[in-house]
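Take a look at the letters that make up each chain.
Protein chains: 2
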Amino acid sequence: MKKHNFSAGPCILPHSVFKEASQAVLDFNNSGLSILEISHRSKDFVSVIEEARALVLELLGLKNKGYQALFLHGGASTQFLSVAYNLLEKKAAYLNTGTWSSKAIKEANLFGEIVEVASSKDKHFSYIPKNYSVDNSSDYFHCTSNNTIYGTQMKEFPSVEIPMVCDMSSDIFSRQLDFSNFDLIYAGAQKNMGPAGTTLVVVKKAILGKVSREIPSLLDYQIQIEKESMFNTPAVYAVYVSLLNLRWLHSLGGIKEIEEVNEKKAQLLYSEIDINPLFKGFAAKEDRSMMNATFNLKDNNLESVFNQMCQEANINGIHGHRSVGGYRASMYNALPLSSVEVLVEVMNELERKA
Amino acid sequence: MKKHNFSAGPCILPHSVFKEASQAVLDFNNSGLSILEISHRSKDFVSVIEEARALVLELLGLKNKGYQALFLHGGASTQFLSVAYNLLEKKAAYLNTGTWSSKAIKEANLFGEIVEVASSKDKHFSYIPKNYSVDNSSDYFHCTSNNTIYGTQMKEFPSVEIPMVCDMSSDIFSRQLDFSNFDLIYAGAQKNMGPAGTTLVVVKKAILGKVSREIPSLLDYQIQIEKESMFNTPAVYAVYVSLLNLRWLHSLGGIKEIEEVNEKKAQLLYSEIDINPLFKGFAAKEDRSMMNATFNLKDNNLESVFNQMCQEANINGIHGHRSVGGYRASMYNALPLSSVEVLVEVMNELERKA
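Order-wise, the sequence lines are chains A and B.
Numbering of the first sequence is given in the UniProt record's numbering, commencing with residue 1 and proceeding in unit increments.
Numbering of the second sequence is given in the UniProt record's numbering, commencing with residue 1 and proceeding in unit increments.
No lab work stands behind these hints: they were computed from the structure.
Some clues are possibly wrong.
Rough simulated footprint, nothing fancy, chain A against chain B, three-plus residues with beta-carbon under 8 angstroms [as the list claims (entries may be wrong)]:
id: 1; segment: 23–31
id: 2; segment: 35–41
id: 3; segment: 67–76
id: 4; segment: 112–122
id: 5; segment: 168–182
id: 6; segment: 266–276
id: 7; segment: 306–320
Computed beta-carbon distance windows for the label pairs [what the hints assert, rightly or not]:
id: 8; chain 1: B; residue 1: 91; chain 2: A; residue 2: 2; range: 55 to 65 angstroms
id: 9; chain 1: B; residue 1: 230; chain 2: A; residue 2: 15; range: 21 to 31 angstroms
id: 10; chain 1: A; residue 1: 305; chain 2: B; residue 2: 230; range: 30 to 40 angstroms
id: 11; chain 1: A; residue 1: 268; chain 2: B; residue 2: 226; range: 23 to 33 angstroms
id: 12; chain 1: A; residue 1: 261; chain 2: B; residue 2: 26; range: 23 to 33 angstroms
id: 13; chain 1: A; residue 1: 305; chain 2: B; residue 2: 43; range: 17 to 27 angstroms
id: 14; chain 1: B; residue 1: 314; chain 2: A; residue 2: 267; range: 30 to 40 angstroms
id: 15; chain 1: B; residue 1: 230; chain 2: A; residue 2: 32; range: 32 to 42 angstroms
id: 16; chain 1: B; residue 1: 26; chain 2: A; residue 2: 352; range: 31 to 41 angstroms
id: 17; chain 1: A; residue 1: 27; chain 2: B; residue 2: 304; range: 37 to 47 angstroms
id: 18; chain 1: A; residue 1: 27; chain 2: B; residue 2: 66; range: 57 to 67 angstroms
id: 19; chain 1: B; residue 1: 50; chain 2: A; residue 2: 300; range: 27 to 37 angstroms
id: 20; chain 1: A; residue 1: 264; chain 2: B; residue 2: 26; range: 20 to 30 angstroms
Note that beta-carbon positions come from the ideal geometry of N, C-alpha and C, so glycine has one too.
Work out the full structure, taking the sequences as your base and the hints as a guide.
Pasting the structure below:
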């Protein structure tokens, strides 16, 4: 029986992607070789990474606008470090909206002065701060577009005169934005891009080369650009599966189309959370994430019944993050509306039973 | 028809590993979920990484000897940086045996004084320097056990009183060594361990915590040990396939058994290189690598015929690295003896024809 996979990441990808990805492990492109045993310098793989890099820019509307897309190692957590290494000369402005922002601030602190322009820590990161000001003498402004753990999402981004850097790990490719407002976007692959093991960096070349420190080669965006994302052996399989997933999104019609589906899914679930008297949402309504819905049972005694019902309905991965508790339903691009319908039906049934 | 895959890396893995790895992309452990869509914090995956870490120590004979095995991001190239970040306070001693050593030296140079104890650059890295001395007041000694590009391999390691760090990317798990002579071993997975995308670090805990600088979290071995190799989302699939491959090696009888096969393969090919008047080996005989045999045609006019014959025999990946030219046949653990027999037969046939 089909699982309804609400895992916060690594997360569901389209079944067609799994099928093709499975086949390539046995025989890639009818080469008689597994995708896992070919050289990363082979024509076949070079064309994979080139197509993936080009497709990223196309999907984000950033073609021919001075950006480069890179598939790097190390997860978004490595970017906390790389961003500072490459861009931080004296001070930088960070918006603190949760665990990932806080970690980004911690790592950047080793390289210069970090000004926290605002934080929602006072209310356990359940909202997105507004009306903060960013000092335009900072080297850059950094924010996190979606907060997986707390289920909050930035709906608006400030207008700044300095480079804007954004960790979009958990909502890239899920909604339309004017991506050209950003100068550097990074994202661990394991949500809407692909499996765990590679990290996307989209960077405007014009912002690079301005710090005085020496940058380790592997972390140096300019070197990675020069080497066409192959300074060292890339995570071949993770890049390949990301390409399959990007192709899937492209064939659907791109971000515009998937955003409509994502809106429907989120609307359906949040309506239930608000209408059902047994549940309450965690995040401030105006800041609710379209990707990760966080919610709690008002009566903890119902927990074991609800968990049991979810299990019976083949619902996977809705336990909340340990730092928030309760439930978290992640509704990434590949999650079908029908899975949300099943979850809502179980919530309904609980109400009837209780 | 079966390909004979001599690729220098990413490289051949056992067919049984590809089969199981392919199946897990569709359905992992009969969970109804793909290995690509499960949480890295799920019981199923935690048990994968735990088993892989334990198996590494068992295969290397390092159980209960104060070592930890970590599966990290970023390839061996990131370790060039991490080693220096974690261990280099004032100066370190490096043996320069080729491209990878040179890169390791370049990155470490950002963190302290690097003393090159010896180099074989004078003869295009075609041999391993001997009779060098290592200053025991250095913070550590660093060497590269096998040089993929040049086809040389260290047969003996110096006896030093300081921590010995070794990049074993291209020959780990291929031959018996007293691994307890090393204090830190690292290896990109994509040769004898698994597919590209994860990196093994085996570190003796006692050598850590001795530098005064602050270390970025992701590069800090102590933090990675504390977080049980899950400071951030690991490269789930690459770790899983590495486990399958380590299990395969274990079921064969471990390093001792595979070493015998590797010796046979190397002996067969090097004999042919020495006997066949059309070929000459690149590396000094006493330093020849059991993993990567580098050789040239004496008469370059035979190149297109030989290439054609190799292609017809389904031989893949024997072109030499661009910096050496000629041919390179990589004979990693999973390459069967029969593949080497096919290559030797083609070399023989060329001699008969020429």
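inquiry  = Tell me the numbers of any earlier hints that the structure contravenes, in ascending order.
reply    = 4, 5, 6, 11, 14, 17 and 18
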